[in-house]
Amino acid sequence: MTNTDIKIGQSLVSQEQSLHFLRQMLRIRRFEEKSAELYSAMKIRGFLHLYIGEEAVAVGIAEALTSDDAVVATYREHGYAMVRGMSMGSIMAEMYGKVAGCCRGRGGSMHLFDAEHRLYGGNAIVGGGLPIAVGLALADQLQKKAQVTCCCFGEGAMAEGEFHESMNLAALWKLPVLFVCENNFYAMGTALQLSESIVDLSSKAAAYAVQTATVDGMDVIAVAEAAKKASDTVRETGGPFFLECRTYRFRPHSMFDPELYRSKQEVEGWKQRCPILSLIQRLKKQGWIDDSGLEEMEQEIATEIATAVDFAEQSEWESVEDLSKFVHSDSGVN
Amino acid sequence: MTNTDIKIGQSLVSQEQSLHFLRQMLRIRRFEEKSAELYSAMKIRGFLHLYIGEEAVAVGIAEALTSDDAVVATYREHGYAMVRGMSMGSIMAEMYGKVAGCCRGRGGSMHLFDAEHRLYGGNAIVGGGLPIAVGLALADQLQKKAQVTCCCFGEGAMAEGEFHESMNLAALWKLPVLFVCENNFYAMGTALQLSESIVDLSSKAAAYAVQTATVDGMDVIAVAEAAKKASDTVRETGGPFFLECRTYRFRPHSMFDPELYRSKQEVEGWKQRCPILSLIQRLKKQGWIDDSGLEEMEQEIATEIATAVDFAEQSEWESVEDLSKFVHSDSGVN
Amino acid sequence: MGELELRKMTYRDAVREGLREALQKDERVFLIGEDVGRYGGCFAVSKGLLDEFGSERIRDTPLSESAFTGAGIGAALGGMRPIVEIMTVNFSLLALDQIMNNAATYLHMSGGQFNVPLVIRMATGGGKQLAAQHSHSLEGWYTHIPGIKVLCPATLEDARGMLWSALIDPDPVLIFEPAVLYPMEGELAERAAAVNIDRAKVHREGKDLSLISYGSCLHKCLDAAVILAEKGIEVDLLDLRTLRPLDTESFLASVAKTHRALIVDEGWRSGSLSAEISARIMEQAFYQLDAPVERICSAEVPMPYAKHMEEAALPQVTTIVETARRMVHG
Amino acid sequence: MGELELRKMTYRDAVREGLREALQKDERVFLIGEDVGRYGGCFAVSKGLLDEFGSERIRDTPLSESAFTGAGIGAALGGMRPIVEIMTVNFSLLALDQIMNNAATYLHMSGGQFNVPLVIRMATGGGKQLAAQHSHSLEGWYTHIPGIKVLCPATLEDARGMLWSALIDPDPVLIFEPAVLYPMEGELAERAAAVNIDRAKVHREGKDLSLISYGSCLHKCLDAAVILAEKGIEVDLLDLRTLRPLDTESFLASVAKTHRALIVDEGWRSGSLSAEISARIMEQAFYQLDAPVERICSAEVPMPYAKHMEEAALPQVTTIVETARRMVHG
Ligand SMILES: Cc1ncc(C[n+]2csc(CCOP(=O)(O)OP(=O)(O)O)c2C)c(N)n1
Ligand SMILES: Cc1ncc(C[n+]2csc(CCOP(=O)(O)OP(=O)(O)O)c2C)c(N)n1
Ligand SMILES: [Mg+2]
Ligand SMILES: [Mg+2]
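Protein chains in written order, with this note's numbering: chain A, 179 to 512; chain B, 179 to 512; chain C, 868 to 1197; chain D, 868 to 1197.
What the hints contain is simulated information worked out from the structure, not anything from laboratory work.
Where is the CB? At the ideal position from N, CA and C, for every residue including glycine.
Some hints could be false.
Said to hold, decoys possible - Here are some chain B residues the structure puts well away from chain C; computed CB gaps all over 12 Å: (1) 387; (2) 432; (3) 447; (4) 486.
Stated by the list, open to error - Listed next, the in silico PhoX-like pairs over lysine-lysine satisfying Cα-Cα at most 20 Å (straight line): (5) 1098/C x 1068/C; (6) 1174/D x 221/A; (7) 892/D x 503/A; (8) 1098/C x 1074/C; (9) 875/C x 503/B; (10) 914/D x 892/D; (11) 221/B x 1174/C; (12) 221/A x 995/D; (13) 995/D x 1174/D; (14) 875/D x 914/D; (15) 352/A x 406/A; (16) 995/C x 1174/C; (17) 352/A x 323/A; (18) 407/B x 352/B; (19) 914/C x 221/B; (20) 407/B x 442/B.
Please build the complete structure, drawing on both the sequences and the hints.
Okay, structure coming up:
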């Protein structure tokens, strides 16, 4: 192994790439910490579902996707919005409900959309995004476009009928969908074993004749590697793949959650495996980053966030005259 | 093997029982042949889904059920209505739309109900009966009643989300449901392989941690035996069981079906395996029935059917004044 | 010229021609649903199209209403022009989450970024003795949902022409085909003329009473109108055609002329489309009314199987005639 | 006596007390739904009940709206008295097939053999900036379905009392709890008094205008009524309480007195419950009206997230006041 490479997980990752992983995870972490603050300050309202603890998943997955690929996510999608390339400003402004937000303030935290980066939401109905992903992949197949549609959902969504129907269609029609299950072991307060008669999620997916893999969702490099293999398989076979990422939600489900359903110790145990801290340790051991370098990165991110908040603060409110704008397209669109 | 017993399939069945099987299958066959006639004569209207070719399933399953057990069936349920003990008259009158019908003419062929024999329909929404069966079994579990709820559905229903959700609940909560999949290889005109990414249906069910078995649905004794094992398992474990019965629909899906989707040869091939003819051959070989005995049985059944038709013809029409009767219970019911 | 030559065909044939023309005109168009291909369509509407266009464009689906409807939404977002066929409105309840929470909201939720050029067709209505789970007439109910358009072709011309108009609409359009109309015969010009999907159509002019209807009930109203004419009552007969958005102008114009209105629809009475129309007339034409607006709808019961019971539950010509006479002559 | 002692509590507490009393009174009663147990209910309504009654009677379910709602129907058929909680009406679309095609039809389809003593509770309505997929107000829409009853408690008394009345009803009853009301404070007597579920309630008597509402909008009407009173306008304020079947008598009696009616509900305007009420007044009280009945409903848009936009979409006190004034003074 050359000294320009580091063996982490099972793979060779360059210094540049591993620092990029760190930066992306930190950007999500700090952005959401700020969002939580702004929620308490009543700048952000509605539901706010934080991704804190699960950052390695979105960051690792993003590595395997091209700008032509599509992403369908859930209400816990800030991470995906960022890794897809959306600016913090357009996301923050959206959560402020301002016109400069990616959806002109109509969507909020649960509904981040971006045509340019092919992010198809932000869906607040559990399981609701799966059929959409199947359809996007069907459109690609019919148009002979070699694109992947990445569909992310929580383990809780797997109990919904739409999971069953969508997996079957994707497998039956050999559609290029990368199903990414973010298994954080809880659906709100319902533990996986209270939700599924079989907790080995890959074996559930296998029952649709779909290729599967399970990866440690707290290890960004492992996720990136697994996602690469998975997406390569999708590109080669043109058919679906199911990737389970085992991760954990450090924060409450949303901003109103007494967390009666899990113990402090359990949460603490998982925090020991924080994807960001562990990567930092490994990078330091490798001598690829030191405290000052880290400090610098934190500074840059802090500035980026401050600029985004500023942008959101400065932005205008949509005029109420435009309330029914976008209920239908201005004719012409087609 | 003693001469009072006959080794058919893998099991020992008495002469009495095998003649009973034959009579039950013939009753269903002849009753439905008559129904088809009466449909052409416009005495019966709406949809009429015939079970002809599949009689071994209902007859074999019925053997494993007690009068305390419940049955939830589909729109193709004449067979179940009969084997549960409903009179041909109340079924025929129902299909005539007469007040003497089991549902006072409100249900018709697709909605046969009978509280006395615990037949909970007759459901015309594919997959719609599965959650109901889960609930009936849940009620039994909560009330500590050692009863089985038998839920029958076609293989096409397995693609519906309700199949997925219901199997998971039954397995997760260990509910006494006997799921009987009548795999006749077509859902209307859609062949199994065009409907499921995996055509081994038992393996699909196994993905819910449910015990499974597959049986030749054209062999009534094999079905009876498999059903007995299955229901015994449900009674012992208190949990669900999935039994696939491979069978075939000799007739069109309903009365309007050009059958463009399957070949005459395929149908002929399956007709060679007619569950009734094959049982008759085996009984004759065994010397347990001869042509005169068969003739006698046919005569008795013909009389039973004639009486039923007569009963239906004689019955009154519900008065239109009672149109909205049963939209709500007469208070008091609870 | 072709346009002028009239050909005898059924409503079913007209829908099929609309589908064929759309599939020929735009390769982004495909038909997806249960048994649309090998079976030929549960009402034989798509019979023959599989051979003509192949299994990619005439796509049979498993029994998965929610997923294949959602897949239609996704395919529309992905650049295609899907026509999703849900066999009947009764099964559309299983796809309602996809329709209301995705198809109808995507454009607005995304701040105008993602329109959904999707068409969903389904058969609707009772009258065939299919009982409580197979006889719903929910097209009026669907009109409550912002973000979608709702059409109900009552004529061969609309059965053929509305599909293309719906396909060129950038947003989701639901087309409800009354199942009892499929065998209806009529004549159509060789080539389809484009039809508008924003105006009601006056089928008969009259000064005594505005008779407002759509779909299968339109034909009961046409029969009633003939009988009423014999009795000297001239009705202004409107076919709403597009149920959302409603062409309020047309029925207000009619009421301004007749000062009396009777609405006939097959939905259950409470919360029927008729209620909305009555409320709009109340709000916008109250002072022009000589008598209260009345409704004839279906009885509020799960549809019974028996023929005489089903007839008692559905709007009938005699009821329309009697009600109209009472309203005009008191 | 206990009955007379009043205790301070929230609407949320009142619902919880109703649940607790029902669970204590009848062992056939159990609560089933997503996160009703360990989480304590997504709105903390069932908090504490798991410890008190155990996981068999306070049953957490997987995310499977259709199956656990259908399981509730089956359990009711099997002799239990299930209370199915669907977190919010937005998710009930996934269970609508079970509700409309099974719960509402079983008794009639079976010719009276199988009644379904089931209660389904769900939160409803907007006002919390939850945007297009989480702000539906569909209780009025549900009233279109024959075979079910629809209740919407607007007061603490009804929040606690309606549940038991629903449970002793032999047929399916849907209870919609406006989510914005959960924190509302008030006082209740120690012991629950049974409440009727067939009559509307007059909250204020007045001769100038009938103000007809229910649920969260009732409270906007109460505020409006105070302002209007200051302006010398006395409204007759009705809380419909039971949305299906509607207590038509009460609002007709009110209109007979005031000759003017304004209906306020949070549903989308087209096809709203208000339309049905307006149509009934048209049909049965036309000649008593001095002015057209009017409606204030939600704008026909998927609910936007931004606060000012959501407020613009929902009925507001100022609109009610202005409309009422115009209607009375012209
Ligand atoms: C169909 C539906 N039912 C219920 C809800 C309420 N709800 C929102 S998130 C959630 C839990 C989902 O858990 P999971 O799929 O594991 O995703 P996670 O939140 O853990 O990321 C529930 C029950 C919903 N939004 N949609
Ligand atoms: C939810 C739903 N979708 C579609 C239909 C129309 N339909 C009735 S039977 C049927 C095929 C069902 O096939 P299967 O489950 O295999 O049962 P079989 O008829 O073969 O016994 C279809 C598509 C329906 N009744 N319900
Ligand atoms: Mg989870
Ligand atoms: Mg089948």
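Among all the numbered hints in the text so far, which are the ones the structure does not match? 2, 5, 7, 9, 19, 20
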